[in-house]
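As given, the protein sequences belong to chains A and B, one line each in that order.
In terms of our numbering, the first sequence opens at residue 1 and continues consecutively.
In terms of our numbering, the second sequence opens at residue 1 and continues consecutively.
Source of the hints: derived by calculation from the structure; they are not laboratory data.
Some hints here could point you the wrong way.
As the list claims (entries may be wrong) - Here are the simulated distance ranges between beta carbons:
# : chain 1 : residue 1 : chain 2 : residue 2 : range
1 : B       : Ala-257   : A       : Val-352   : 25 to 31 Å
2 : A       : Ala-342   : B       : Ile-5     : 51 to 57 Å
3 : A       : Glu-430   : B       : Ile-190   : 55 to 61 Å
4 : B       : Ala-257   : A       : Asp-376   : 56 to 62 Å
5 : A       : Thr-20    : B       : Asp-250   : 30 to 36 Å
6 : B       : Asp-55    : A       : Val-426   : 52 to 58 Å
Note that beta-carbon positions come from the ideal geometry of N, C-alpha and C, so glycine has one too.
These are the residues of each chain, in order.
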Amino acid sequence: MGRELTKKERMELPRQSMPTQDPMDRIKNFDEVALGLTAEMAITEAERCLECKKPRCVDGCPVGIDIPAFIHEMQEGDFKKALAIIKMANTLPAICGRVCPQEDQCEQVCVVGNKYKPVAIGRLERFVADWEVAQGGEVIMPDRQPETGFKVAIVGSGPAGLATAAELAMRGHSVTVFEALHKPGGVLVYGIPEFRLPKKIVEDEVGNLEKLGVEMRYNWVIGKIASVQELFTEYDFDAVFIGTGAGLPYFMGIPGEDYIGVYSANEFLTRVNLMKGFNFPAFDTPVGMGRRVAVVGSGNVAMDCLRTAKRLGAEEVICLYRRTRAESPARLEELEHAEEEAIDFRWLSSPVEIYGNEDARVTGVRIQKMELGEPDASGRRRPVPIEGEQYDVELDTIIMGIGQGPNPLVTQSTEGLELNRWGNIVVDEETMMTSIPGVFAGGDIVTGAATVILAMGAGKVAANGIDNYLRETVRVPKVRTA
Amino acid sequence: MPTLIEIKEIAPAFKQYLVKTPEIARKHQAGQFVIVLLHDHGERIPLTIADSDADAGTITLVVQEVGKSTMEMGLMSEGDHIEVVGPLGTPTHIENFGTCVCVGGGAGIAPLLPIARAMKGAGNEVISILGGRTKELVILRDEMTEASTEMIYTTDDGSFGAKGFVTNALDRLIEERGKPDIVVAIGPAIMMKAVADMTRPLEISTVVSLNTIMIDGTGMCGGCRVSVGGDSKFVCVDGPEFDAHTVDFDLMMKRQATFLPEEQAARLRFLEQHECKATKGTEVK
Chain A
1 MGRELTKKER MELPRQSMPT QDPMDRIKNF DEVALGLTAE MAITEAERCL
51 ECKKPRCVDG CPVGIDIPAF IHEMQEGDFK KALAIIKMAN TLPAICGRVC
101 PQEDQCEQVC VVGNKYKPVA IGRLERFVAD WEVAQGGEVI MPDRQPETGF
151 KVAIVGSGPA GLATAAELAM RGHSVTVFEA LHKPGGVLVY GIPEFRLPKK
201 IVEDEVGNLE KLGVEMRYNW VIGKIASVQE LFTEYDFDAV FIGTGAGLPY
251 FMGIPGEDYI GVYSANEFLT RVNLMKGFNF PAFDTPVGMG RRVAVVGSGN
301 VAMDCLRTAK RLGAEEVICL YRRTRAESPA RLEELEHAEE EAIDFRWLSS
351 PVEIYGNEDA RVTGVRIQKM ELGEPDASGR RRPVPIEGEQ YDVELDTIIM
401 GIGQGPNPLV TQSTEGLELN RWGNIVVDEE TMMTSIPGVF AGGDIVTGAA
451 TVILAMGAGK VAANGIDNYL RETVRVPKVR TA
Chain B
1 MPTLIEIKEI APAFKQYLVK TPEIARKHQA GQFVIVLLHD HGERIPLTIA
51 DSDADAGTIT LVVQEVGKST MEMGLMSEGD HIEVVGPLGT PTHIENFGTC
101 VCVGGGAGIA PLLPIARAMK GAGNEVISIL GGRTKELVIL RDEMTEASTE
151 MIYTTDDGSF GAKGFVTNAL DRLIEERGKP DIVVAIGPAI MMKAVADMTR
201 PLEISTVVSL NTIMIDGTGM CGGCRVSVGG DSKFVCVDGP EFDAHTVDFD
251 LMMKRQATFL PEEQAARLRF LEQHECKATK GTEVK
């Protein structure tokens with residue numbers, strides 16, 4: 001490295017923008033939209049970091065990555081060391097570098113951002129993770145501590161489960177992950193599309209966990225093939241972590257929702273992402289999407305549906321949201337990408353009835369125009385119908401992207417598990433232990449639908465709680481595995 | 001991964017698979033089903049469980065070859081591996097009702113078998129009415145005979161039992177012997193609808209088991225939803241059994257045709273590729 005830059009010089013370096021596929025090209029393919037920084041760009045971006053003595057970014061990170069330390073190594077060009085620092089706190093950096101809402105976390109509190117644009121921490125994280133894969137060969141994994149002999153079952157292989165599994169494996173516990181689907185990753189695989197998170201990356205990261213000694217069991221629906229209690233009594237686990245996510249699709253409860261052509265976002269995305277329906281008939285699962293598609297909702301899941309519909313060749317793709325762009329729960333980056341891809345956003349629009357023909361196929365939707373009234377409990381202004389202002393739109397497909405609830409399959413089959421009134425599991429926030437001793441939970445099944453990184457953060461806290469519980473309360477493993 | 005340990009053709013376009021999958025065999029209860037995936041390009045298909053043996057660690061699947069995936073399964077060999085998820089769905093409510101009439105049509109006879117057996121085991125008098133287009137399509141007759149106290153058969157062509165439909169036989173049975181305490185009907189949607197329409201005015205408690213389009217089978221996608229008593233229910237977790245008198249069969253039958261064009265195209269493409277090997281399957285309307 002050349003001359004040491006001054007603070008001012010660092011801050012005046014331009015934030016490196018992410019190279020992306022051209023919108024008109026990318027709507028014709030499922031390849032990743034964001035292409036990643038080049039090494040040169042990454043080093044320049046790293047140079048923008050002031051290496052604060054009391055870094056606020058670390059507090060902004062749900063898993064507490066030592067951000068200034070890894071960026072320092074990047075400034076030196078030592079990507080390997082940088083990645084090793086990240087992996088001490090986060091075993092899934094290629095995923096988080098892509099899907100974390102950094103603008104609300106580490107980057108939101110970055111000091112550089114006070115006057116200039118914040119350091120692009122997420123892009124740097126993604127860069128070093130991708131760099132390692134591009135190098136080929138063995139990936140660095142944190143060391144595994146000596147075997148403890150304790151067996152821990154993880155229910156669900158989404159972000160919460162994977163983070164918990166990684167952390168516990170590093171601490172020397174014997175970890176088995178039970179996944180209901182035939183592939184690992186949970187929402188990372190069935191929900192988030194290929195163009196935002198290539199599935200190869202999820203497979204690689206899970207492969208890394210297996211190298212760390214984590215055992216993966218697919219097609220195991222806990223609550224059916226074995227109850228949580230049976231994991232203790234018949235399968236000899238010493239502790240169980242429930243990370244089953246927010247997998248229950250919500251519908252609106254308006255007339256016509258059972259017509260053919262109305263999908264939950266989960267169904268639509270699962271057909272495309274998990275089952276590779278975009279490649280029908282090479283893959284056997286059809287998607288059945290029509291030509292005029294509306295997606296209801298304006299969160300990240302809705303954005304994924306809109307952009308997927310566009311890529312599948314829909315002639316018209318409409319977003320119906322009852323509030324305005326400003327209240328949209330989607331990440332700004334996702335919203336902007338969708339706008340670049342010529343999605344027809346209809347703000348202040350709420351469907352009230354779906355029309356169908358004699359074959360029960362969707363033909364259209366009646367839309368109620370809304371206006372914003374007084375703030376509601378969420379602090380956002382409440383959408384209020386404008387009387388007499390309704391209009392019809394002809395459509396053949398409607399996708400409900402209005403949110404997901406906790407899947408009751410595990411919670412209802414587990415006697416004695418305390419739930420809140422929405423069906424989420426109640427936990428002790430410090431240990432993440434549920435009302436049943438030895439049973440822990442984290443991620444969307446506890447908080448309601450949130451983000452990948454919050455689920456991972458919860459997984460880390462739970463791993464700590466489980467580790468303490470095993471060492472201090474259980475003390476002797478049921479069956480010696482070591 | 002579960003292994004196909006025995007494959008038998010039990011009727012034209014009907015194959016019976018003995019699948020080694022000890023954990024599922026151990027937990028299976030009457031009324032439950034599995035989801036099967038043949039390979040990594042495959043689709044997840046719900047299949048009913050005809051039998052299970054906890055000691056041997058096996059389940060029995062009886063599959064009618066109606067589409068690409070079921071025909072492709074028919075080309076598999078003993079020793080091959082498939083992915084199996086289950087046991088899924090809520091088990092049948094079994095108790096001693098008194099007289100239980102089990103009505104089975106076509107492929108619906110397979111899931112009826114464990115239910116009939118459990119009903120008989122609980123002390124019910126089990127009268128089974130089995131029907132099919134023609135004699136050889138009335139499957140699992142020996143097994144059902146063992147699981148029932150009395151058997152009645154019907155065929156559309158009169159080649160076996162009484163000529164006509166299962167509903168004709170049910171009608172006669174009720175006329176001659178009065179109302180049974182419960183009816184369990186499993187078969188084509190149109191058959192279950194006809195049974196429901198017959199027992200509704202007579203107020204005979206009637207249960208049907210629905211087989212809708214599914215992906216995950218765990219309540220995640222909602223593709224299997226049906227309207228029951230005006231509420232939207234998920235067949236995979238709320239069912240597959242429902243009160244027959246409250247199911248909107250017309251809407252369900254229409255929803256079952258969601259992917260008809262894709263299914264027909266996939267079936268034809270498969271038949272072209274496997275002309276000499278695959279049985280032609282059965283065209284289901």
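These are the hints, each one checked on the structure:
| no. | hint | in the structure |
| --- | --- | --- |
| 1 | Ala-257/B / Val-352/A: 25 to 31 Å | 27 Å, holds |
| 2 | Ala-342/A / Ile-5/B: 51 to 57 Å | 54 Å, holds |
| 3 | Glu-430/A / Ile-190/B: 55 to 61 Å | 58 Å, holds |
| 4 | Ala-257/B / Asp-376/A: 56 to 62 Å | 41 Å, violated |
| 5 | Thr-20/A / Asp-250/B: 30 to 36 Å | 48 Å, violated |
| 6 | Asp-55/B / Val-426/A: 52 to 58 Å | 40 Å, violated |
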